[in-house]
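Trainee: If you want the building blocks of each chain, they are given just below.
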Amino acid sequence: MTDKVTITINEEEVSVPARTLLVDAARMAGVEIPVFCSHPKLDPVGCCRMCLVEVDGPRGTAMMASCTMPVGDGMVVRTDTEQVRTVQEANLAFILLNHPLDCPICDKGGECPLQDQTMRFGPGISQLIEPKRLAKKHYDISDTIVLDQERCVLCWRCIRYLEEWEDKPQLGLFERGNDTIVDIQDGRPVDAKTSGNIIDLCPVGALTNRVSRFAYRPWEIERTPSICLHCSVGCNVRLDSRTHQLRRIVGRENMQVNDQWICDKGRFAHAWVNDENRLATPHLRKNGRLTRVQWSEALAYVAERLAGIREKYGPDSIGAIGSGKISNESNYALQRFMRAVIGTNNIDHRDGGDVAALPTGLPALSELMKPQYGPDPQVDTVLLFGLDPSEELPVLDLHVKRAVLRGGVKLIIAHPRKIELTRYDGPYLAYLPGGESTLVDGLVRAVQDSDPSEEESPVYAAAKLLKESERTLIVYGPMAVRGESGPGVRDGLARLARTAGEGARLSYVGLDGNAQGCRDTGVLPDRLPGQFPLDDVDARSRLEALWGCDLSTSPGYTYKQMLDSQEMKALFVNGANPAAESPDWAASLEELELLVVTDLLLTETAQKADVVLPAQGWAESDGTYTNLERRVQRAPKAVTDPKSRAAPDWMIFTHLAKQMGANWPFSDAHSVTAEIARAVPGYAELTWEALGDQGRQWDAGSAPEVEETAGRASEGTSESSVGDGDYPLSLVTGTVLYDGGTLFSLTDQMHGMAHGPTVTLNPADAAESGLEPGSVVTVRSEQGELDLTLAIDVQVQTGCAWIPESLPGAPVGALINGSFTQRVKVERH
Amino acid sequence: MITEQMRQEIDEILARYPAGRQRSGILPALYVIQREYGYCPVNAQDKLAEILGIAPAEVGAVVGFYNMLHEEPKGEYHIEVCTNVPCMLRGGNQCLHNFESALGIHHGEKTEDGRFALDHMECLGSCGTAPMAIVTDQKTGQIRYFENLDSSEDVEKALELLKSGNGFHSLERWTPEADPNGEGASDGPYRTGGMEPRYLMDRLNEPDSHRIETYEADGGYATARRVLSGIEPADMVEQIKASGIRGRGGAGFPTGVKWGFLPQGVQPRYMVVNADESEPGTFKDRIVMEYDPHQLIEGIILSCHAIESEKAFIYIRGEYYFAYTRMQDALAEARAKGYLGENIFGSGNSLDIVMHRGAGAYECGEETAQLTSLEGFRGQPRLKPPFPAVEGLYAKPTIVNNVESICNVTHVMRHGVDWYKEYGTERSPGMRIFCLSGNVKRPGLYELPHATPLSELVDKYGGGPQDENHPIKAIVPGGLSMKLLTPDQFDTPLDFESITEAGSLLGSAGVIAIDDRTSMVEVARRTLSFYREESCGKCTPCREGTAWLEKILLRIEEGQGLGRDLELMEFIADNIAGKSFCPFGEASVWGLQSNLLKFRPEFWSQIENTNPDDIGPVLPIRPDYRPNTHEKSGLRDSTFAPTGGNIVLHDDLVPGND
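Protein chains in written order, with our numbering: chain F, 704 to 1532; chain S, 7 to 664.
Calculated directly from the structure, the hints in this document are not laboratory data.
Just so we're clear, the structure is a prediction, and the values are computed from it rather than from any experiment.
Treat the hints with care, as some may be off.
[Said to hold, decoys possible] Facing chain S, a subset of chain F residues (Cβ under 8 angstroms, in silico):
no.: 1; residue: G749
no.: 2; residue: C751
no.: 3; residue: A1248
Each residue gets a CB set at the ideal place from its N, CA and C atoms; glycine is no exception.
With the rest of the complex left out, here is chain S (with noise of 0.2 angstroms):
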């Protein structure tokens, strides 16, 4: 059922699409479905389907897609507690326990008053507050951070409050710390630092510092009034070219050149912000856009200005519920100064920028599965080419960027591309938000140029080993998905080109210290865990390979590991590695293979230590018996072909005989 006010609802929510496109509406019509019911139900879907002109069943596969709808009620407040590397590396599995035994209910389940469900989740983009859990309300359908949730007071402290009701009084993040009177009264930002003077996060903890006036206080929009009026869309994107910007989202790809591709002429183009941030050990967009958002704002501006857009959307992943308040009312007061909208700053420019909320998909990190998902799909990766600069969104010209990188573009625009490529080296410019997650001391965001030694990062601004004890024996340098370094490399410069030849990608500059009180195999298994969950399902390689993996290292923490384990686990990779859809894959299976290289040891004393009889099955990782593929095979052998062209066996291209 879809009553009358959520279809009025609904209806505002598809008017921000442009026309013909309302499909692309469907995961903010299903977020106020699931206010209204605590979930999807199916009666519902299909009347949405309705509204929307498709197909029940094109509702039901998204709805099943995406982590954060659910199909069955979860209860009054939905508590998920990070259980991925960065968290696991600091109690997270503990939390988990302390929720349990605080709410009497395992993990997957809901408290018999149906006040609480609990459940346990990959990465929520909060590795340097951890241990930490999200709370959703059902009722209004927020989300509220909960951090640092150290021992098991602090969890009962966190359900204290949210028994007595005020906890969504705010939806700022919340910290033991900052409430010791257990009012609900909210955190600040976490913690930040780097170089002198910052850029990208230059007034995070200035009070207000996400309302229009400080931004502007502090110089911001005059770059934009200024090169809307001043610079030609086509000098801009030279100078962005110039200035060497490589996308901060993974690849690593210059921004300038993406621009570049973008055929003339061809209208409308759109920008998409891919704010979708979920790869662990990566929290960094979301303190921009909970505390600075205005400079993502001037960052779109000046940047559709480029590429000539006249509509942007900013993806945001579903859990950044706050960020995403934050960016709606950074929006409005933009748009009341007139810097949204028409004719901005005089300049005959006009730019509209949707917000739009994912749903909890990893894969729609991926561009072409972030548009897939924006036009109100399953979110999963389309073929390339073409390229979505050529047909993106709606099939057409796109340009999909970075938060991070939009950031930059502000301060290059203001600053200058000379003054931009004196941070950094040559084919790595500029300054770069670290996030450092892990067993260090002093978890955080910190801003420092390209090609800042990795030890500099972890000792000096992330104080060294978080026990003086354990030292740290591996360090993931770009997001969980890259490969391992171990001490002898600690001193690589953080820079793409420096970390490429160490072996393993900058990425997202995710950096994630593991110390040695760590099992490498738990490590392993965490990280596939993670993957087998957020792979999309699409091709087979990654959707069976990533979930045999886990099962494997499952038993092998389980004390049931067999020697050909290792063997069997690297030709598993081997073949998931660029054998997949989409890079996806790789990035799957890299901390495995790394790590399986690197702590080899930590695996077989695992499997010695548990199971020294080897005992299980014994089976060759290569066949000993294998047909003879010189020979045709009887599936197109016309011995066997009956008469009459027989479809079932015949998939072949046979034009009409006649």
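The shape of chain F in the complex, shown without the other chains (with noise of 0.2 angstroms):
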């Protein structure tokens, strides 16, 4: 396929793809050749000159950088010489001339490329008797990093890094010449939500991470592959742990997810880990106080409650409540016992049968990806609805952005909000929440019979690009299929995905960590593992085998009619925290007979239960984790807090199931993820052996087909899109990366990047109505109010109100209520 060329390196020849560069070519090699600038993933730049090495050309043997010269066939190369070594010894000299060697101090001492390329290539000795060059130390470029313009080598990789992924060059090099540093511009710290990934790019310890700055040296910690869990991307993560504490976060390589870059939040929030308020007992209400007990006391408890509610008001009122933040294990575990134990199809999980999914997500993130070395994205547009990636999913924006940039992909945003993404050329579509059919369908009419009298428009636009492409990916989120108009929405957008072609695809993803393995699991109403419907036979016999039972054939409540329903009487909350969403859920749960909760921390859920039940997070058990491109990962124990006596779901419910008299056969998560296999047809081989360092996808062609609605897609249309005297705005809602709830705010140094409690609004609305931005106002809508602050922002569209989800004190849900599309309008204080 690519043309080999055959080099000479140190007198043994070796073919190589043309174009290679020599620094690549000698690796392939096996020949090893020091460098500071050169990175596989970032353009060559050739500033270190560490590479230097002996090239016989025209005119004779010449010192050339091999990080920046392509092989051409017959080049004769040495790595090895007198002269080489000379040069590399001298241009360490250069480079540790005015390094301050301040290696028992540093962060990166252990793990130093500086340090090993010293070591093996190094003069041995410093000739410097001149006093050294002054800059700042330690000093905070972001809330996250922290930069040591002495130890800089000034290699450029943290600039090129922003420039070249991120499109952000928040970093760059000031002053000239030997003052030369890397710097931020004055008072605009980094804020890229990958920036971390600068920090393992670092050859030196010139960045280092400000939450695990001075909390290990990596001769003593302990490295886990694990993968991260803070949202659907599902990026695979190393997990550095040492005295039973996990010290620190950093990137793994799998170039079918994430390259090897993760997001911040990935990175940096993890203190919730080893949080002091971590449950670490079960918990049981007597005389109205949580009061700690023992678990058989606990689950004793628990089984008698459940039999009894069971007896009394059947098994259809009690319901459970998974989550998109635990494992394929702990989920498949719960629904086994509400189906198989207590009978019933009450299970369902936050975006779960409220949201009209489908079941296979994407089909690749490799398909958008563009590495450093490899292949163009697959796809050429990609239209995101209802999707805000920059916030959601920060490694697949990074993807996007890159696919953009230097693949070619053509970009389609319909979004609320004029969301970052739309920085790049591309039809932008805003529209208001509940007017999302309508959009569909005129971009339907737009594709199938364009009107030139549109030409202008957006939709016209967006219409002309989904013809002319061949590969189209649709890719919609759960904010634009909330609710009842949501099958309308999916529909219309399966119409449109026809319409546009042959080659275009569409697909839903889910943002939860594990939202698409909570469906594969089955946490769903009205679906069965492997998201067959309760109906389908082969599925019910497969299962009714497997668990020795009969199934209950009739649907069961969703996470908001368990939630809003008078007839629940007992309601399992595994990793959700429903009570802080809404003031009425809240309440409402306090009427409930019984709430067994099982989380890490005591939630505002948790303090409202009977029973609390402490769980082990991701990091403490082995788990598997299916991403949105239904990639299932493994995810192992990485730290054990000795003094807990917390619990993996799974294993919570097995045996609970035995204090209900069944007996399920799981003797470790293993054994758990092995039955997985069996009732899911989609993950059979997927055992925990077979999954790897790396994942592996199941297979799409195993899911269920989705089947359609009947009706138009705007029959759903809500009437909430059309204005109101009364309640002028429309209210939009969604994900921020770095918002109120504890997996982000537990971590201290992150305090100053939370979203505040804010409500935004275009900067025409906020004047109209006379209101200050920074002053404290009221938004109130028919089901309550809310005090927040008031910000402006132009990507906010005239009419609307953004107020993110899980703000720290200001739960939306105040507002909405039930609701999915909400009437508001803002007031003074």
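Take the two lone chains and join them into the complex the hints point to.
Mentor: What follows is the structure, given as structure tokens:
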């Protein structure tokens, strides 16, 4: 496929692909050339001069930088001559000249390429007797990254990463000559969402992790290959632990998922793992107070109460809420418990049954990726519908940007907000919540028969792009398809994909780390594991045989229905926190006869519980998670708190099942993984061992077809998208990366980054109502009210009020309470 | 803050650059800001970033790179005294001291009333009229040259003039001799001479030599008129090739051959005229632009015809403010006459010429760095290939030629190839402006054919040693970066080949004579101060090595030199030369290398006289212990590699193993 050329390195011939850089060719041949600036995932720059080698040319032998020189056929190269060694020594002497050599107090010490190369190639002595150059030390360039300009060797890796991948050149070289430094612009800290990758890239200790600073020495830590669960991309990470504590997270390469990059939330926001308030023992409410008890007492109590409630009100009075944040094993055990032991389909999770999803996620992330050396993206146009990767899926955002900038991918964005990705060329289709169907219908019509008179409109431009594209990928997120109108929107998008042509495909992506796995394992009121309908004969017989029971065929309540309904008597809440979402739900949880909460911390929901069971998190027990492209990945146990009695959820339900007379064959997490492989056809063969360190995608062909609902998409249009005198603004809500959730907010260092409790209006709307940015305002809806600080931003459309979910102490649920589209007004407080 | 008025001016500036390339206007836009505030405040930088659609850090990085852009106010009048070698040889240091005592401040400081700020500067392109200083008027952003400041009286006179507020009535250079009454009267062109008749410097001393009427009266623009409608571009390229013109900027690359590298049929393509004359000892392009701008413009019209370009940029060094205004006026004259714009001389050719001021960075004289700077970035060099002729400005085919090279084009096309080849030698044809500075009686510009002996230039034209009792002991033949020639080599003909044979390079033809009063240690230190200051900072050897060498030389000067220093300096120099990213590395140490070789006894005696006991830490030049390089380092040793792919330790190219 690629042309090969033969070159001679140190008298040995090697054959490498044409145009390979010499430094890479040498590596392929097993020859080590020292580098600082060169990096296989960044453009060559040739500034450190560490990689000079002898190359024979027409005008004799010359010292050439191997990191910028592509190989040519017949090239003769030597890397081991006296001259090369002398230059390497001299260059390291130059690099070390002003380096502070403060290795004993440097985080990088022990895993520092500068140390290693000095050891191997360095002069072994310092000639400098002049004073060293001084510069800024331990100086914060963001809440998470510390810069030491004295240690910096000016390799430009950080600068290039932010430029080439993030497209946010927030770091630059300042000053000149010997005074050159890497710095931020005064008062403009680095805020790229994946900025922490520059710490991994730094070949010295110039950039260090402010969260993990001084918390480890590289030779003392245990390294566990794992994955991140802050969002559904499922980036591969490595967990570094010491003395039972998670000390640091770094990116781990997986060319199918995250290349080598991870986002800052994934890297830095892990303080919750070792938080001192983690639940360590079961609690039982006695005399109105949660009291520490033994597992045996807690489990016996739960089993007894459940049996009683089932006896009295029937199995459908009991429900369970799973979570996209916990493992396949735990979710699977939970739904098996509900279906096989309790005998109900009342099992769901947030963004579960209330969302019109599709079963298979993205075809493959790699189709969107443009690695430094690798094929172009396989899609040519991406339509993002109701999805904001910059806030929701930062590494997907990175892939999309790179695909647009270097892979020629065209971007169409449909979103109620003018999201960050709209900075790239391409149609931006604005809509108000509730207006999704109308927009989709309009797009379909424009693709079918475009009206030339509307050539100027973004819809027309989008339709034109869709028609011209051969491999379109339409991706929508939960925001676009929540509630009753959801199926209509989904079907409209499916129609759009069909209309756009053969190569067009439609995908749904969930947002939580294991959103896909949650669906796959059957945490849905109307779907069995494998996402089969409740009446699917094959699936039923398979599961009934496996579980030794008869399964109920009546659909259960969705997440929202369980929380809204007055008929629920007992509820399991597993890794979810509905009480914080809405004041009404917080109140209705109090009405339950039995509330059992399994979680890591004493959440608002847990505080209302009758029984609180301490769970182990993703870093503490083996588990598998399925990302947004159906890749099932392992997260092995990396840390344990020896003082904690927390248990993995699957184990809790196994014991509970036993208390209620069912003997499950689960001895460890891997045995649950193995049962999932039997219960879900797509997961066949995906045992713990088979997944390896890079995970495996399940076969999309094994998923059930989605039936379309009858009727046109626009039938579901909510009336709230229409103007209203009393409540003139349309409420827009959604996920932000740095929210008030506990997984983020427990990391002290990141507090400054958190999205404050604000409502954001378009400057025009704020001016019209005479409201000053920064003032406290009251947002009212028919459901309730909320006091927030006013911000203005042109990214918010006129007629909209943008309030993110999960803001600290400001549940936007107070305004929506049940409905998915809402009109509000903003008034002076 | 950027006011509405500033915004308007900035928008006009940005409109000069091709659509979508508005970032190119960053330096002129920053000048607007600096004129308003006296420096570039961060909030204005951020606002400019917004206007240009780039990140604030990108603006800050540019401000930090260029010497003439300040991050804090520099006073009403910013005085910069040149102390680089050509000025040093004629009392530049004393001149700086005179300013210091007259103002009562140290350099790097500002007077209490904020009126004057004083700095020393390494080379301002006025080597023939040293010692000198430039003064920037913050209110207007204008710069005026104050030259021949030989005595403290001269300095006081200059300061009096500035204090009187009349210092900027004219922008033409000021000398004490030309302004006996202290009214701010200007002096004309500095000393020129050479062969008769002269071509490149023919009309400089005529009244109104810069006006288009003067130029046309001399037959100006007739050549362009004839060539544009009569000679095919390809034929013209052949003629220039045949003439053998070699680049006058320093490298001496044949101009016609360079033009021939342009790919066929790729448009747009650009001409960039390198007027960033910054090599110490060189001050020839300045006078052409100040006093004969139309000669250059006609050359550009001709050259753009040959290379089929419709847009040319003149990248002029920022300090050349007077030359800049003269060029601007001349361009306006030419435009008014229809010599620029659409359908020039009825030939169907179009040409637009944009003046672009640099902001104080020697490195921007290197062609790729110049293009990077012109695109609105820090002036750092980029990788070659691709060469500018293939992918230059805005990644389009671009020719970068020196001002004097372009002027030669005019004369070749006017008088013919055969005429041109009568001058000089076969491989170094034509005439050349030699810039003579340092310890000679008559420093100045001398137009002579290539291969004129060095001694003839120095003795006949330059009048020999400045002081008869102090013979010249060394000459730099081609700008400060070139290797020194010693008296036994003074008869070398000044052509590319002969100077190369003598172990140096003709470079930019900046000839600096050094007499025996001068300490060669100081020459070396000044040279390295310049290169340390001007290194762009991109690559390690140049950035670190030049500063190290300067520190060692300073220590030797201060009397703490060690016996081992000379060998160490040679080791450092050897590992900068040829190891750096661009030719700057070589240029920074050639002078030192030849100095150490030819004047070693001077270094020795300085060390022995001041530090006879060789007091200082004793360290071997090369280490006794060296690691065994045949052993694999832990860096890539699998036994040390943790499982799970540790990217912190491994920068390997690992394809996904899925």
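Trainee: Now tell me if each hint is right for this structure.
Mentor: Structure-based check of each hint:
1. The beta carbon of G749/F is positioned within 8 angstroms of a beta carbon in chain S (closest approach about 6 angstroms), and the interface hint is therefore held.
2. Among the interface hints, the one on C751/F holds; its C-beta lies about 5 angstroms from the nearest C-beta in chain S, closer than the 8 angstroms criterion.
3. Here the hint on A1248/F is broken, as its CB sits about 33 angstroms from the closest CB of chain S, past 8 angstroms.
In this structure, the one hint that does not hold is number 3.
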